[in-house]
Amino acid sequence: MERKINRILVANRGVPAVRVMHTCIDRNILTTAVYSTPDRLAHHVTMADSAVHIGEAPPGDSYLNMDRIIDAALKSGADAIHPGWGFLAENDVFAQRVLDAGLIWIGPSPQVIKMMGDKIAAKEVVERANVPTIPGISNVSNVNEIIQWLQAEGVEYPIMIKAAAGGGGKGMAKVECEDDLPQALARVRSEAKKSFGDDKVLVEKYIERGRHIEVQIIADNYGNVIHLCERECTIQRRNQKIIEEAPSPTLTPELREKICQSAVKLMKSIGYSSAGTVEFLFDSVTKKYYFLEVNTRLQVEHGITELITGLDIVRVMIDVARGKKLAFKQEDIHPNRWALEVRLNAEDPRSFNPSFGSLTRLTEPHGPGVRISSGVYEGALIPSYYDSLLMLIMATGPDREAAIRVMDRCLSRNLRVEGVKTLAPLLLSIIRHPAFVQGDFSTRFIEENMQDLISTFVETGDEDEALKVAKYVAEISALGHQNWM
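Letter by letter, the sequence shown follows residues 1235 to 1719 of my numbering.
Read the hints as simulated data drawn from the structure, not as lab findings.
The calculated PhoX-like cross-link candidates involving lysine-lysine, where the alpha carbons are at most 20 angstroms apart (straight line), are:
no. : residue 1 : residue 2
1   : K1502     : K1559
2   : K1238     : K1309
3   : K1348     : K1502
4   : K1348     : K1427
5   : K1427     : K1404
6   : K1404     : K1434
Could you build the full structure based on these sequences and the hints that come with them?
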């Protein structure tokens, strides 16, 4: 039975909230924004049809406060809640509470979220589905267990220690030798407890020349599961993605079919519905792929899949939540473009330290083959409490070379951000790097090439602008009125 959705509360802020609202506007669905005190003038607040204040700046007092968000949805007359990505998007307790309140949850079932949210439990499910997993050991409590596993399985360093409940690049550490094990294990357990409330960890073999491949899945409540092909998300800093592309330049047609069908098989086996992503680690040397995790939410980089397929994934999520069947089949999906995405974060491009303040100037790139998903406007305040993502810049073309040229235009000619530092110089250096252009890179690309990348930076900051003004004033004061004035 199909259900009506007249108003959606978007339980998020910034880029994800604005992205969901765009589709709601297209569907003539009203939206309610939620906001913390420093976000009272944020872009997502001014864009929504109504907005509800839910607390002070700390996320625990606002965007992670389930009671206030659900109360805001009920008071605003919302029929459904869309969580976007981040915050409560993969919280099974929140999803269940939304349903218990009589609201529609736009996402997979709480049971599936819980199952896939624990890396140890998820790995067991994946192994039962006969999908390849990275050699590893679960429920690690001490260093001796890791050492015994290494000896028994003949696994060599490096290895990766991960939080069982982790995600988003948090709660993990690469270990190069036995001497580093105690400190690394203690650090990951501490981070896991702090970030996810669970200090369980697992250990896996580290794939040296690994590439990050993920498959976009959409599924309804009637057993229909299809893939929208893959994305390559290998370019990362601190285990967090900053450049993605679709399709992957790594895979042959045969490998693409194999990895995508593995993702479909897995999602069918767990009864998945809505949009989700199956992430794999691809070993460039052996050409083998291994399951990493399932993201039970809308991914940041979903836009490039939309660009190559012509689908609106948020629209599909809303239709599935309403109880509709998928309106297309696997054979209807024909990607015919290449797309790149860069994440423009307010960070120092040399150190990755967050940069906060007001956007004194903002010019977004436009032109053929460009899509911008922004969460800010000129004059907006970038607070220190939340993710530093300003906007997603997407570029598309008939092939990879053309898409890279469009992205180069965006970053080098059309983009201007003042008031905060951004990753723009680093992003431009990456897409111009010969190894990136040739498609020859791994998850260690930035780590291995950082000095080379930094050496190409051409930055014009606020200090440079101030010096130009001072020089102009000095010339007029000393020389008087000029003919060119």
